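Chains A and B supply the protein sequences, listed in that same order.
Each residue of the first sequence is one higher than the one before, starting from 1 at the first, in my numbering.
Each residue of the second sequence is one higher than the one before, starting from 1 at the first, in my numbering.
Treat the hints with care, as some may be off.
To be verified - Here are the simulated SDA-like cross-link-like pairs (lysine to any residue), alpha carbons at most 20 Å apart as the crow flies:
1. B/Lys205 - B/Tyr320
2. A/Lys93 - A/Ser83
3. B/Lys215 - A/Gly36
4. A/Lys498 - A/Ala341
5. B/Lys212 - A/Glu211
6. B/Lys282 - A/Ala341
7. B/Lys282 - A/Glu211
8. B/Lys215 - A/Ser83
These are computed hints drawn from the structure, not numbers from a lab.
Computed from a predicted model, the values in this text were never measured in an experiment.
Protein chains: 2
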Amino acid sequence: MSDTDPPVFDRLCAFLRETAILESTLSMLGWDERTGMPPEAAGYRGEQMTYLAGLIHSRRTDPQLGEWLDELTDSTLDAEPHSLTSTVIRESKRQFDRQQKLPSSLVKEITRTAVQGQHDWQRAREQNDFSIFLPNLEHMVRLKCQEADAVGFTECRYDALLDEYEPWATTAETAAILGKLREDLVSLLGEITSRSPLIADECLKRSFDIEKQKKFGNEVAAAIGFDFQRGRLDTTIHPFCTEIGPDDTRITTRYDEHFLPTALFGILHEAGHGIYEQGLQKEWYGLPPGQTISLGIHESQSRIWENQIGRSRAFWKYFYPRAQQLFASSLAEVSLDDFYAAVNTATPSLIRVEADEVTYNLHILIRFELEQLLVDQQLRVADLPDAWNEKYESYLGMRPQNPAEGVLQDIHWSGGAIGYFPTYALGNLYSAQFFAQCKKDIPDLDKRIANGDFAPFRTWLQENIHQWGQRYSAGELVERVTGEPLAHHFLIDYLRGKMSEIYNL
Amino acid sequence: MSDTDPPVFDRLCAFLRETAILESTLSMLGWDERTGMPPEAAGYRGEQMTYLAGLIHSRRTDPQLGEWLDELTDSTLDAEPHSLTSTVIRESKRQFDRQQKLPSSLVKEITRTAVQGQHDWQRAREQNDFSIFLPNLEHMVRLKCQEADAVGFTECRYDALLDEYEPWATTAETAAILGKLREDLVSLLGEITSRSPLIADECLKRSFDIEKQKKFGNEVAAAIGFDFQRGRLDTTIHPFCTEIGPDDTRITTRYDEHFLPTALFGILHEAGHGIYEQGLQKEWYGLPPGQTISLGIHESQSRIWENQIGRSRAFWKYFYPRAQQLFASSLAEVSLDDFYAAVNTATPSLIRVEADEVTYNLHILIRFELEQLLVDQQLRVADLPDAWNEKYESYLGMRPQNPAEGVLQDIHWSGGAIGYFPTYALGNLYSAQFFAQCKKDIPDLDKRIANGDFAPFRTWLQENIHQWGQRYSAGELVERVTGEPLAHHFLIDYLRGKMSEIYNL
């Protein structure tokens, strides 16, 4: 190293920023693939994405990166663990270490198996036959166990898998809090289902012109603060949010002419993800202080807009007149109270993505518990469908009649995403706890929302969560913002409050 | 080299295919930038594109590539110069040699100057003041002279610049044929303008609903054979065609509610480019046998659909009823004959992109002649506006009243594209010569077109032009397909035939 070389930290940052250019370019290819790519272009798009993923992987595991990180860890790590410098080094090292520990033969085999898995899963689902997917899933579970063993763990294999999606979280803590959540949810759901008649959501299933839905969705997303100068909203089959640059966040949705909530709450959900991305510090783009913390925190930002805000009475006080105007033939005769109740209906169901706020986390819990059993080798993959059905019977009181409405409904496992599901439930817990704090910090929040003034809430999220990037772990952030560790009662209190009113519990 | 290594030729092809992945990814970023990118994303998009361009440039000049090419040129070059193997080696070597000869400092300075140039040009155009653009253009002309000197040439500097866009073409041959074209065009135009009254194109300037224009444009593009399973049509400001993969060709257009030809002939033009890309051999994607020959041949494919087909009476016999149906309020009372005459009006004008078939090439000739004077240092950049105006007066009988409608109208020079303009005129010459041959080969072509049967014509193009990729140079291809070298009389005969009928010459 000569005197004229920039300091190691600067070189590290420059290197990471270049990697981010490739990553954001890969996101561009992925966004296009899922929004407008011509049908026959899929084959070559796969080659493009594989090639870029390879370039990115070789940069992420570049020995030079390891040398810089070693040097910085020894010499530069700041006394202040949450400083920008410390954050860059700590989080880069965490990611590098994980990547380094994975033999490239294993990475390739997982990729190969995932490609085949998505194919097999789709076919199994179409034919409603789990046995078509079984061999692939067995292989994937074995590979993920190998991955966990390669990465290493203190208490259990699942720790190593969960860590990929929710860094610094442990299985034990997650299981403890989600276990308590399950008990209280099952109990709450029991109270709700014992009430009759159920609230009707028939008014949401009338005809809603798709062009008008698009108009409304765009208005809502812009109103809550998704910045269309720095983002887009497009149509897709499986909605997602992706960032293609510090000023380029793209959200997507799908429209169902005969079910208003699909696009409406879908847009609020994805806009929540998007507002998080847009709230990061641009000058740290591609570096840990400018990156999102975890899937759980990301999900908290989508759910807080979708549920705490989007399913609140205040929100509909503001937006319902506009909805009635746009969808006059379907909603003109429906009162605000009835509409509010309809979008908050809680009913046990078999399909996760259609689940309401109360039952959703039970769907997650089932998957989380089954995943742990699989990687601990306490459950054979062949026995998964029965175990799945048992748990649905036990927690939701319903038993899937076939694999398509049971164990085959989610794409995640086919792609090797084991350890991902609990981040959905964590997101719901984070969002409830953040929201409880925000209501304390902004006493007139309801009034603001009812007036269509979303800026104070968005600013609260930006100042308390978005701007910090990865400077705090998810757990640290929750404690920092709310003054206490993650607890399940915030979500239960929130749900019980709303449901008590709606179902007159 | 060990025995297990693949042969050098295979390694060369694999390397070039990887480069093509990066190039097509860069095209993806460029397409998005010009069709839907959020406004504020431009800054980072520039970083992404610059980084990828850098990766591509370093691959194109990789010494390993030079070694392989040397080895192959010495040992493998096929006895058959148009074989697939020979084509790969010859064309790769041509491109590599050119890249190699350019000092990277010069490449960077040209890039830097082009970025600044587009900025200065835009400002100059807005303020209608050539002096704002002058220093940058002077610098660019100097740099392009250096580029020509670095690349080398036999007869004149302009050869080296032209070669970038129209490989294997020479200035002398191009000047000779375009010179003859100019004489005959000036004469033809004189006859046309002496006739009065001029044909009216007022019917094209009525109101044409943009959604209906989109519908019509998509129908037309699909009907002539642009494959929407392997492509898209989008809206942009400055229309273009780009390929993002062997099965992913994207065309764009812009719509003017009060001028039907803008989008209509724009779509036919870009679809012509697109059909060429879609007609290449997929299995050679990214390699010379699967790549387009030259800008001139590319332009011939857009112009042949736009003009020879799109402005023919047969074409409108088929499509005019549909146009009248869609745009009833504007076209119901306009006869097919009047519409046909309107889309074939020839009138001198000052703006190239608005020019008709007869006058268009005169606009090109002016630029081609001025470019040669500039790089031969026979004309100072400061004197360019006057020289421009003189030539317009002389060839078109009109004198620009200010730089915006004169020398500042085109973006090309600001980006360093000197030597590009003549490929537009060459494209028109190629298209007329190809079309004359095609009419011989398909005697009932007119009838087919009038019946909406575009397949025979498209197949003729594919078999005679598209499928060969770069196996023949533009000049070789013309001779191969039509039995004689490029000649200007095909275009003159075509135009005179049409104009004689319309203007009753």
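Going through the hints against the structure:
no., hint, result
1, B/Lys205 - B/Tyr320, "16 Å, holds"
2, A/Lys93 - A/Ser83, "15 Å, holds"
3, B/Lys215 - A/Gly36, "18 Å, holds"
4, A/Lys498 - A/Ala341, "10 Å, holds"
5, B/Lys212 - A/Glu211, "17 Å, holds"
6, B/Lys282 - A/Ala341, "56 Å, violated"
7, B/Lys282 - A/Glu211, "38 Å, violated"
8, B/Lys215 - A/Ser83, "56 Å, violated"
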